[in-house]
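Trainee: Keeping their order, the protein sequence lines are chains A and B.
Using our numbering, the first residue of the first sequence is number 1, and each one after it goes up by one.
Using our numbering, the first residue of the second sequence is number 1, and each one after it goes up by one.
A hint or two may mislead.
Stated by the list, open to error - Partial list, computed: chain A residues near chain B (C-beta under 7 Å):
1) V17
2) Y20
3) W34
4) E36
5) R61
6) H66
7) H87
8) L88
9) T91
10) N143
11) F144
Unchecked claim - Pair ranges (Cβ atoms, derived):
12) B:V278 <-> A:L22: 46 to 54 Å
13) B:F219 <-> A:A27: 27 to 35 Å
14) A:L22 <-> B:R491: 39 to 47 Å
15) A:L22 <-> B:A200: 56 to 64 Å
16) A:A27 <-> B:Q482: 22 to 30 Å
17) B:N522 <-> A:L25: 37 to 45 Å
18) B:L190 <-> A:L22: 23 to 31 Å
19) A:L22 <-> B:R197: 34 to 42 Å
These aren't lab readings, by the way, just hints derived from the structure by calculation.
All C-beta atoms, glycine included, are put in the ideal place defined by N, C-alpha and C.
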Amino acid sequence: MIGLVSTFVGALLSVPVLRYILYPLTARSDESDWAEARFAASEIQMPLRLTLDLRQRDGWREVDSHPVVYILKTGDQFRAMSAICPHLGCTVSWDMGREQFVCPCHAGAFSPDGVNLSGPPPRPLDALETRMADGKLMVRYQNFRPDTRRKEATL
Amino acid sequence: LKGQVPASASNSKSDDGRAKSSSGARCWNWIDQRTGVDRILRHSLDEPIPGGARFAYVFGSALLFIFVSQVVTGICMALYYVPAPTIAHVSVDYIVKEVAAGSFLRGLHSYGSSAMIIVLLMHFAQTFFYGSYKGKREILWMSGVVLALLVFGMAFTGSLLPWDQKGFFAGSVGSDIVGQVPLIGEGLRLLLRGGARMGALTLSRFYVLHVFIFPAFVFFLAAIHIALFRKAGPAGPIHEDPVRPVLSAEAFYPRQVLIDMGFALLVMVVLGVLSHFVPIMLGPEANPADSAYLPRPEWYFLPMFQWLKYWEGELTVIGIFVIPSILLGLLFLMPFLDRGTERRPWRRLVPVGGLFIVLVGLLWLGMMSRRADSRDSAIAARIARQKQQEILYFHSPFQPNSASTFVAGDQNIGLDRTATGPVAAPILSDSSRSKASAIVPADRSVATSDRRMADLTNQGEKIYQSYGCDNCHGKGGAGTSQASSLIEIGRQLSASQLTSLLENPTDAMVAGGMPPVALNDNEWTPLVTFLRNLKRSGVEAGGNSTTPVPNPQ
């Protein structure tokens, strides 16, 4: 009887319940992922390590997040790279002795402009979109799928 | 089912010839030989009902049905709900305003509690007036009375959980009533609230009662209730002998099953339509300082609410405790008081008349309560305003909990929100969003105003970044998903404690990815000074976070 009843209730409720549970798959955030990369031109020693100030929705709360990015300058052009290792998402740091980016987790190494040199990372450090606005460098911070050859943005 | 049950009603062996002819029956046989499911099904479906199937018997299975729905929707609520005072309300707000089907499912759950009580009353009235507790059904009846109390307990504890004005004050009044029990009342009240006042512990306790303890008892007692019901068998119509049925019986399946299912479906459809077209409101967040708020309980507690108005001073205990206890005791012991096999209501005038008087009395009390509120124009206006505020709040856009109030665990904000009232909350969180540093009171920075201190802190911040501490502990020690916040760590650890902990992290810290820190001698003082001065926002801590942070080298 209990089985019968729960099957019945389950069948009736399944549509709203599934929509409710699967909400994170369908929720689209309208938040901006662009943040200003704040630095003074005089301070640039290559590569420049920065934290961005992003305000992100985390379920029912909003949090300040400060992802790490590296800014590169070639000529007059700025480029930005995510510090998230494309292998499994650890944060790479700059090893000043080796002049390489080194991932602390599985010892992947990257050249100063982000090319994967050795270790497990399947692709270079992920380049981030940039644009200039009112003389400020804006960086679009995105996350990318880990451990794939192709760079693919995720939600 | 229809085809399978009769097919397998005769046993598998004698059935072999036919079973081979259809793969469906063979499959059923295979399962049945291993599970005995056929016997279970027959046992539950072939139950004999003396006098045949009737609409009057639907309420018990409907209760079971609604309860299952409450469990399903309740688990759904728990998927997004958080039982903590500063967050509970915003998490329910999120469910209602953001999550797909959230308002609908909360509606089902909330209307479901009312449906439980209505159907419970019908089930109770039917069994009482039919004298169904007679004939060795004493324990069955008493387990039902306890189940009824648990249902009211579920309704009461559940109403506090959204932590809105209505639920908060209902919980406050309700736990005060518990405090009126002689001798142990005060202890009970403290226990229920987790302290003298309504607060964080109250919410946790109500949550645990609502989600773990009461449901566990309901599952347990409902199983007993059903088992005892099957043991005694249905009592049948009022002229049936409760011990040795004489009327010809009809099996539970198919007619009674269909009637039960039809009624349950009707209940669910009504609940669904209500939830969709008349959503359950969510009022502004609870504001304990709001002395103007007029608490009014859910409709099923209104008679009790009105009843308490008539009792004053030393007599209160009689109204709150003595009389309800006597009535409950009479109800509980009814099978022992109303003995004999006579079931026709008109031959049992004392119990039936007594219950009738109580039910009419409850109805009258409820109506008196409504009338008292509508007659006093000041009260009526205030209640109308409260309703209006609920509707306004319900239709206002969702406002996420601001990080600076959450990450920093800022009690000041919590107090401000409640002290200035929920209306001011969005404004407050807006301002705290744009200028996080404004939260830090001026006197906090006095200690760091010393120039040397500021220098050390700045140096320390550079060291903090150069060693990549912020990769995990976040900018300004705010914490990330990978490592905890270091804010206010100076309150917990002295400089020397912090130094030794950094040099020799605990096993737990190492397991979490924290390496031992090895610094040059002249780097320790600045780093520790910086860490111990981390305040609510990273902005304050370094004092220079508007300037960019250069790469270590």
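Trainee: Each of the hints needs a verdict: does it hold here or not?
Mentor: Now the hints, each set against the structure:
1. V17: Result: holds, 6 Å to nearest chain B Cβ.
2. Y20: holds, 5 Å
3. W34: Because about 17 Å separates W34 of chain A from the closest Cβ in chain B, which is outside the 7 Å limit, the hint is violated.
4. E36: Where the cut-off is 7 Å and the nearest Cβ of chain B is about 10 Å from E36 of chain A, the hint is violated.
5. R61: holds, 4 Å
6. H66: Holds: closest Cβ of chain B sits about 4 Å from H66 of chain A, inside 7 Å.
7. H87: Given a least distance of 15 Å, the restraint on H87 of chain A is violated.
8. L88: With a minimum Cβ separation of about 13 Å from chain B (threshold 7 Å), the hint on L88 of chain A is violated.
9. T91: Holds, because the Cβ-Cβ distance from T91 of chain A to chain B comes to roughly 4 Å (cut-off 7 Å).
10. N143: Violated - the Cβ of N143 of chain A stays beyond 7 Å from chain B, reaching only about 12 Å at its closest.
11. F144: Violated, because the Cβ-Cβ distance from F144 of chain A to chain B comes to roughly 17 Å (cut-off 7 Å).
12. B:V278 <-> A:L22: 46 to 54 Å: violated, 26 Å
13. B:F219 <-> A:A27: 27 to 35 Å: holds, 34 Å
14. A:L22 <-> B:R491: 39 to 47 Å: With Cβ atoms ~43 Å apart, the hint holds.
15. A:L22 <-> B:A200: 56 to 64 Å: About 32 Å separates the Cβ atoms of L22 of chain A and A200 of chain B, which means 56 to 64 Å is violated.
16. A:A27 <-> B:Q482: 22 to 30 Å: At roughly 24 Å between Cβ atoms, Q482 of chain B and A27 of chain A fall inside 22 to 30 Å, so the hint holds.
17. B:N522 <-> A:L25: 37 to 45 Å: violated, 53 Å
18. B:L190 <-> A:L22: 23 to 31 Å: At roughly 43 Å between Cβ atoms, L22 of chain A and L190 of chain B fall outside 23 to 31 Å, so the hint is violated.
19. A:L22 <-> B:R197: 34 to 42 Å: holds, 40 Å
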